[in-house]
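One letter stands for each residue in the lines below.
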Amino acid sequence: MNKLTGSELIKLEEVERQIKARDLEINNSFTKDLQITALRGARNYIGDKLIRVAKPHKILDPNNGPLIAVRLNLLSRKTLGGLQTDLSCRVLDQAGNPLKGLYAAGEVSGFGGGGVHGYRSLEGTFLGGCLFTGRQAGRAAAKELM
Amino acid sequence: MKYDAIVVGAGLAGLVAAAELADANKRVLLLDQEPESSMGGQAWWSFGGLFLVDSPEQRRMGIKDSPELAWQDWQGAAGFDKHEDEDYWGMKWARAYVDFAAGEKREWLAKQGVKFFPVVGWAERGGYLAEEHGNSVPRFHIVWGTGPGIVKPFENRVRESMKRGTIIYQPRHQVTELLCSQGMIVGVSGNILVESQVNRGEASSRDIKDQFAYYAQAIIITSGGIGGNIDLIKENWPQRLGNPPKNMISGVPAHVDGKMLHVTEKAGGRIVNRDRMWHYTEGIKNWNPIWHKHGIRILPGPSSIWLDATGKRFPAPNFPGFDTLGTLEAIQATGYDYSWFILTEKIIEKEFALSGSEQNPDLTEKSIKKVLSRILPGPTAPVKAFMEKAKISS
Chain A
1 MNKLTGSELI KLEEVERQIK ARDLEINNSF TKDLQITALR GARNYIGDKL
51 IRVAKPHKIL DPNNGPLIAV RLNLLSRKTL GGLQTDLSCR VLDQAGNPLK
101 GLYAAGEVSG FGGGGVHGYR SLEGTFLGGC LFTGRQAGRA AAKELM
Chain B
1 MKYDAIVVGA GLAGLVAAAE LADANKRVLL LDQEPESSMG GQAWWSFGGL
51 FLVDSPEQRR MGIKDSPELA WQDWQGAAGF DKHEDEDYWG MKWARAYVDF
101 AAGEKREWLA KQGVKFFPVV GWAERGGYLA EEHGNSVPRF HIVWGTGPGI
151 VKPFENRVRE SMKRGTIIYQ PRHQVTELLC SQGMIVGVSG NILVESQVNR
201 GEASSRDIKD QFAYYAQAII ITSGGIGGNI DLIKENWPQR LGNPPKNMIS
251 GVPAHVDGKM LHVTEKAGGR IVNRDRMWHY TEGIKNWNPI WHKHGIRILP
301 GPSSIWLDAT GKRFPAPNFP GFDTLGTLEA IQATGYDYSW FILTEKIIEK
351 EFALSGSEQN PDLTEKSIKK VLSRILPGPT APVKAFMEKA KISS
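If you read the protein sequences in the order shown, they are chains A and B. Sequential numbering of the first sequence, starting at 1, is according to this note's numbering. Sequential numbering of the second sequence, starting at 1, is according to this note's numbering.
Keep in mind that the hints were calculated from the coordinates and are not lab data. C-beta atoms are modelled at their ideal positions from N, C-alpha and C, and glycine is treated no differently. Any given hint could turn out to be false.
As the list claims (entries may be wrong) - Just the calculated beta-carbon pair ranges, DEER-fashion:
hint, chain 1, residue 1, chain 2, residue 2, range
1, B, GLN72, A, ASN27, 32 to 40 Å
2, B, ASN288, A, ALA95, 45 to 53 Å
3, A, LYS143, B, THR176, 25 to 33 Å
4, B, GLN211, A, LEU34, 53 to 61 Å
5, A, LEU87, B, LYS163, 43 to 51 Å
6, B, ARG206, A, GLU8, 41 to 49 Å
This is chain B alone, in the form it adopts within the complex (with noise of 0.2 Å):
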């Protein structure tokens, strides 16, 4: 046999994956539908929070922050409800996930090269009571750099081991079906796609060139969500969030189609909790996109006066960034799918920040020079752009 394991996918999930085999010596192939400028996925356009508990970071802010309150703060968000069925396995990560946040998590991406910007942001602020919704703390350690900052320790480890031969990658090949024998996965099939020289995020044609089959003892998933499908997720949305909303836009490439998660269920595995989604409130739409219905997230700052679409306030606790999912459930009950903040030049100065490495420059470049020009008057370069140029009015 050829390669040892496949991994489908060249996210950061799938790239860590690969990165983990070739270094046990194994031979792995790694396959992905989008040509090679999109490497590394959506965990590159992201802002680059990280998670993390009792940090160097927080103890030098002034945070006190424990396992036992970061547990409890996870309980409370999650509400955990199917312990026997849907629920099991995802409550034993969301355990072992806080632990790997609170211990060997920073130290493993140190020794990587990764480093965190001293400022440690509080998101998901909650506004209920101690075992609700939200962060007790600050936590949201932003790494400097941003999301390329974030993927490139494993792209470089899976990059080494492509010169040494460990791992092969294969952009444009789509895999459609997973091959079984006797109860078991033992390969991938699918369609090589045309050549693509887009840039990073566009679409890609979907033009087939030719087939291919490929065989391992190991097959890893690393494929992503439906994030950019938004008929599946209005196929799948909650009844508890309301009606689907008629107008979204996306905050991730089109590629994020979800498309995997339909070949793994026809091969017999289960998909759990489908109506469970993240999707935000404060999306504007990018003047500058580079995907269809490309939107941005404001970061928000909490002072902003957030109304209704027919302008009535929204009641306590909807305040910016503090229930994400509640606030977007108040806002679906109006009937309408948008709102307003208003708010005044001090607090956009102050408290708008826009997610994603590319809004980011001053991170993402790691220029401390530009990182210090936010304490000075006057919002970002983007904010400002965005006022200049998107449905921002004053």
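This is chain A alone, in the form it adopts within the complex (with noise of 0.2 Å):
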């Protein structure tokens, strides 16, 4: 891991002790880590427990497999904010009144009203908040040309 970085930030007696502390707590089926607690949770739904949660286990106990550590950095993706629009997309200007004739739908108007998922998202709504808008915008539209 410090080879990576180029740099002795990573202890490793540091990071052996936290995960053998964290090893310790698997030894019973309730423990006071969240994290296990969470995995064992999480294993009450089948589709976890079929595709998505692993056995909890020891991380170091050498018959789980090598260990793997894996660099993590920031990567950008979504603006959650942007055009204010009204529920006919219509977009406001600094008064908040429609200017005529345009409307904003998608990502540029925050997925709605200038952002539909305040500071954080659920997830699955990125998409979702394209169709929702981008098909409110059409129709919007098409009745005022009427």
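Using the hints, put the two standalone chains together into the complex.
And the structure:
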């Protein structure tokens, strides 16, 4: 890990201590370690048990395979704010009045209203936001054009 | 007037809007700065996850969901706090969206041939109390065929209308100005860019060969966000997430440049909630990049041990897949803009998926045989390729 970053930030004994402590919490079917409790909770859902959440096991037990480390970077993705629009996808001006003739949909409008997600997303909401606002913009504009 | 409406941006929202207008017998001009190869925009690259509430797929997996529970979760995640101003319309849209996701969304898509992978995924698990952030139940429905599978029906509708002549599609048309007259937006003008043969998602030339101006009664902006413009992201970075990161990789193509936001603002449109954004903490560099700084997101199961850059385990509930922005904040507080997963072979086999249509050939190609091989021992082929070629070390 230090080789990858060209630093000495990772101390082997520190990492080992924390994972050993975590592995000690596996022995009972109940524990104070909230991550392990969450794993067991998730496996009550059949979908997670089948294809998503490994059976809780000791990380340092060699039977569970070699250890793997993955360096994780920050990855840009979505804009949650944007053009403020009403429920007909009309773009609003600074005073909150519609700009006549102008509509917006999808991510440029924060997927609706300039921020349908608020501060955080529940996921799976971005494509749906494009579908919902795109449909509404098309229909509202068509109606106005009658 | 030649066109009834002009749609700016041929991503998913633009394709849907254009298709709906054409169905209502309107003549539509569909513009995009990218070449035709990039039709479908960011959505094409996506994993194809759709938020649905109380769906048949959920019920088959024994999940009890309801619009009430979904709305509780949505409000907990959103944390709306500018009720009378910047959040006023966003909240109304949110309520309408939850009702759509619990109502006609699935049926509307099913009628257009969209099908779903039977196992519903559980994203953003939260880890707090009932009224705070997170999905109480799994709601992430993966489209059979991933991103391309959700783009296709709308692209098909647009192409049908192109054949009938009710939609004129003009790629390489970059809008730089909204034209105003007597307090109305009446048209768009901009640059016609030189022809480009680049493949989907690759950077295309910005060289200009001509100018254009088109007029219509309705102009619809569907140009996407700022996710491919790291400078704009840093400029708008919220204080609450710490300092802007020095290093960030890009989860969307470079053409997601946010330029139309500025263009629309200049014409009088109001931008709200500029500092709200959604970035992932589990990015790895693509060993085989298509766009500049191309990053892939690991969709992690919850078992990996998550350490900061100095090797300290993050406190609860910063577990993989629980609270994206909460963990981003915790990472930024360390003063380093990266972190580590430590895991076992058993965990990587079962829990590592990579986001994006191109990283999930089984689901994207709708191959039942390949999908079933996910149950067999060993990581998926794309995960294996990253283990061999990228900076995943054992």
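We went through each hint and held it up to the structure:
1. GLN72/B / ASN27/A: 32 to 40 Å: At 36 Å between Cβs, range holds.
2. ASN288/B / ALA95/A: 45 to 53 Å: 49 Å, holds
3. LYS143/A / THR176/B: 25 to 33 Å: 29 Å, holds
4. GLN211/B / LEU34/A: 53 to 61 Å: 60 Å Cβ-Cβ, so the 53 to 61 Å window holds.
5. LEU87/A / LYS163/B: 43 to 51 Å: 33 Å, violated
6. ARG206/B / GLU8/A: 41 to 49 Å: 44 Å, holds
Checked against the numbered hints given earlier, the structure breaks only hint 5 and satisfies all the rest.
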